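Chain residues, written in single-letter form:
There are 2 protein chains.
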Amino acid sequence: MQTIKAAAIQMSYKGSKEAMLKATSQKIKEATQKGAQLVVLQELHQSEYFCQSEDTKFFDYAKDFQKDVAFWANISKEFDIVLVASLFEQRAPGLYHNSAVVFDKGKIAGKYRKMHIPDDPGFYEKFYFTPGDLGFEPISTSIGVLGVLVCWDQWFPEAARIMALKGADILIYPTAIGWFDSDKEDEKQRQLEAWITIQRAHAIANGLPLISCNRCGFEKDSSGVLEGIRFWGNSFICGPQGEFLVRAGVEEEILIAEIDFSKSKAVRDIWPFMRDRRVEYYHCLNKIFCDD
Amino acid sequence: MQTIKAAAIQMSYKGSKEAMLKATSQKIKEATQKGAQLVVLQELHQSEYFCQSEDTKFFDYAKDFQKDVAFWANISKEFDIVLVASLFEQRAPGLYHNSAVVFDKGKIAGKYRKMHIPDDPGFYEKFYFTPGDLGFEPISTSIGVLGVLVCWDQWFPEAARIMALKGADILIYPTAIGWFDSDKEDEKQRQLEAWITIQRAHAIANGLPLISCNRCGFEKDSSGVLEGIRFWGNSFICGPQGEFLVRAGVEEEILIAEIDFSKSKAVRDIWPFMRDRRVEYYHCLNKIFCDD
Chain G
4 MQTIKAAAIQ
14 MSYKGSKEAM
24 LKATSQKIKE
34 ATQKGAQLVV
44 LQELHQSEYF
54 CQSEDTKFFD
64 YAKDFQKDVA
74 FWANISKEFD
84 IVLVASLFEQ
94 RAPGLYHNSA
104 VVFDKGKIAG
114 KYRKMHIPDD
124 PGFYEKFYFT
134 PGDLGFEPIS
144 TSIGVLGVLV
154 CWDQWFPEAA
164 RIMALKGADI
174 LIYPTAIGWF
184 DSDKEDEKQR
194 QLEAWITIQR
204 AHAIANGLPL
214 ISCNRCGFEK
224 DSSGVLEGIR
234 FWGNSFICGP
244 QGEFLVRAGV
254 EEEILIAEID
264 FSKSKAVRDI
274 WPFMRDRRVE
284 YYHCLNKIFC
294 DD
Chain H
4 MQTIKAAAIQ
14 MSYKGSKEAM
24 LKATSQKIKE
34 ATQKGAQLVV
44 LQELHQSEYF
54 CQSEDTKFFD
64 YAKDFQKDVA
74 FWANISKEFD
84 IVLVASLFEQ
94 RAPGLYHNSA
104 VVFDKGKIAG
114 KYRKMHIPDD
124 PGFYEKFYFT
134 PGDLGFEPIS
144 TSIGVLGVLV
154 CWDQWFPEAA
164 RIMALKGADI
174 LIYPTAIGWF
184 DSDKEDEKQR
194 QLEAWITIQR
204 AHAIANGLPL
214 ISCNRCGFEK
224 DSSGVLEGIR
234 FWGNSFICGP
244 QGEFLVRAGV
254 EEEILIAEID
264 FSKSKAVRDI
274 WPFMRDRRVE
284 YYHCLNKIFC
294 DD
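Going down the list, the protein sequences come from chains G and H.
My numbering applies: residue 4 is where the first sequence begins, and numbers increase by one.
My numbering applies: residue 4 is where the second sequence begins, and numbers increase by one.
No lab work stands behind these hints: they were computed from the structure.
Bear in mind that the values here come from a model prediction, so they are computed numbers and not experimental data.
It is possible that some hints are incorrect.
Put simply, identical chains are the same to the list, so a pair is met inside one copy or across any two.
Unchecked claim - In the DSSO-like style, the derived pairs of lysine-lysine whose C-alpha atoms are separated by at most 27 Å in a straight line are:
no., residue 1, residue 2
1, Lys-266, Lys-129
2, Lys-169, Lys-290
3, Lys-191, Lys-268
4, Lys-266, Lys-290
5, Lys-266, Lys-191
Model the full structure from these sequences, guided by the hints.
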């Protein structure tokens with residue numbers, strides 16, 4: 004498909020899974036009423052961002068993964084869309100992934116398991132998620148080939164590049180990132196700008212459009228160790244030169260943009276980075292550090 | 004060294020090599036009077052950007068490479084600085100490189116040969132330069148380990164990443180990029196923003212400060228095929244979160260900023276991207292495209 008209408012649904016947490024399913028479904032309906040053919044949801048959109056603390060009780064959130072998959076498959080069928088959902092996957096007892104599942108009008112088009120897992124105060128993901136073992140594989144759908152990555156992946160140019168080299172038409176990041184109120188204003192701005200800048204750069208480096216869908220709103224740290232995270236929203240959709248097509252603020256918003264896939268070829272033809280990579284000198288990228 | 008004062012000298016072409024050597028030396032003097040310990044010059048700063056057309060006469064510009072090296076070595080000694088020069092290197096008759104040479108108070112600290120070579124209308128570099136065969140090797144100096152890359156390299160996250168993985172303290176890009184007056188204003192803005200964004204992203208992804216030194220001013224296409232290039236200046240120095248420390252406009256300017264190398268560790272410790280790379284899944288990066 005040459006041109007599609009894509010939506011990113013930026014939401015705050017509503018207090019329960021039931022409330023989230025209901026509110027999210029309603030927003031998907033609104034997006035499709037505005038013509039969206041592809042809808043991207045934020046990271047772990049069925050629940051609060053529970054990784055603020057390490058508590059085994061939260062593993063319960065993953066136990067209905069198969070039911071969750073069926074639920075979102077059904078939503079994608081009902082609204083006749085391609086849907087990128089971000090779900091907590093119980094693969095086996097005691098083995099969990101932070102997974103994105105892509106649905107195509109009722110069918111499962113593919114699954115991505117978050118490859119790069121963060122772990123820092125307030126984001127204790129290494130406790131919950133085994134790093135993905137499916138690699139970086141784009142997912143084919145009726146509206147294009149989706150390079151779906153998740154949150155922390157967005158800081159790694161390697162992930163975006165591999166998706167592009169494997170034929171992705173677009174890069175997609177469900178994400179959950181925000182500020183601590185205790186941080187200074189200038190530090191907050193540096194963090195937000197860095198987050199936007201590096202993702203736009205993935206679009207630029209690879210000549211691909213990109214959708215980043217983040218949470219918004221404040222979520223308390225239930226463990227009381229930290230105060231909580233103020234998710235900074237700022238979801239955006241940009242074109243293959245990194246140019247903003249649409250950009251959210253810090254509140255709830257349904258972002259919608261028309262994405263013209265033919266622009267990628269046009270941009271790559273005038274900026275032929277793909278032509279000139281010096282792959283014979285890139286071995287070092289396959290090492291953690293090159294100090295030997 | 005923990006903190007250094009660095010300068011990027013953004014200049015327009017003055018009509019002859021002689022005039023360029025004189026003007027550049029004068030500006031280096033000014034920079035050092037303001038305390039600069041590291042000075043970065045723009046790409047191919049001894050001449051006009053001759054790659055606007057393909058003409059064998061321009062190979063003459065490379066014939067005095069050894070003398071040029073001696074000249075800039077001497078300048079670096081005179082002003083007691085680390086100097087990044089960008090020179091047209093004749094390696095053998097008929098074999099040329101676009102090389103950056105780093106001088107450390109009179110001595111040659113190291114050389115980088117531009118690895119990624121562009122070729123598009125107005126930038127016919129594949130005619131002039133053999134792609135570098137030295138790989139991506141940071142250069143050790145008395146003020147730090149420099150990850151020197153050149154212009155087109157700036158579009159490749161791989162190049163910056165490898166420099167970081169090999170221990171660079173800073174990324175440095177002498178460059179020559181500009182607009183064609185025939186382009187529309189919105190396209191010009193997209194190009195400039197993309198160029199700034201992707202370089203800031205290299206700083207962010209690798210937790211390193213970065214210096215980008217570009218030309219400014221208009222240079223006519225002597226072949227008459229195109230009108231010429233309006234080099235867009237906008238040189239900048241940013242910190243390891245991609246935050247601007249100083250940024251030029253489109254006119255001549257000596258940019259000076261204090262760079263605190265200790266910030267890199269601080270930033271990497273809170274944003275530990277280095278910790279989490281999934282190198283066992285990065286093989287695809289060593290291929291031109293992953294379609295098999």
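To see whether the hints hold, each was checked on the structure:
no. : hint                 : in the structure
1   : Lys-266 with Lys-129 : between (38 Å within a copy, 26 Å between copies)
2   : Lys-169 with Lys-290 : both (21 Å within a copy, 10 Å between copies)
3   : Lys-191 with Lys-268 : between (36 Å within a copy, 19 Å between copies)
4   : Lys-266 with Lys-290 : between (34 Å within a copy, 24 Å between copies)
5   : Lys-266 with Lys-191 : between (33 Å within a copy, 16 Å between copies)
Of the numbered hints stated above, none is contradicted by the structure.
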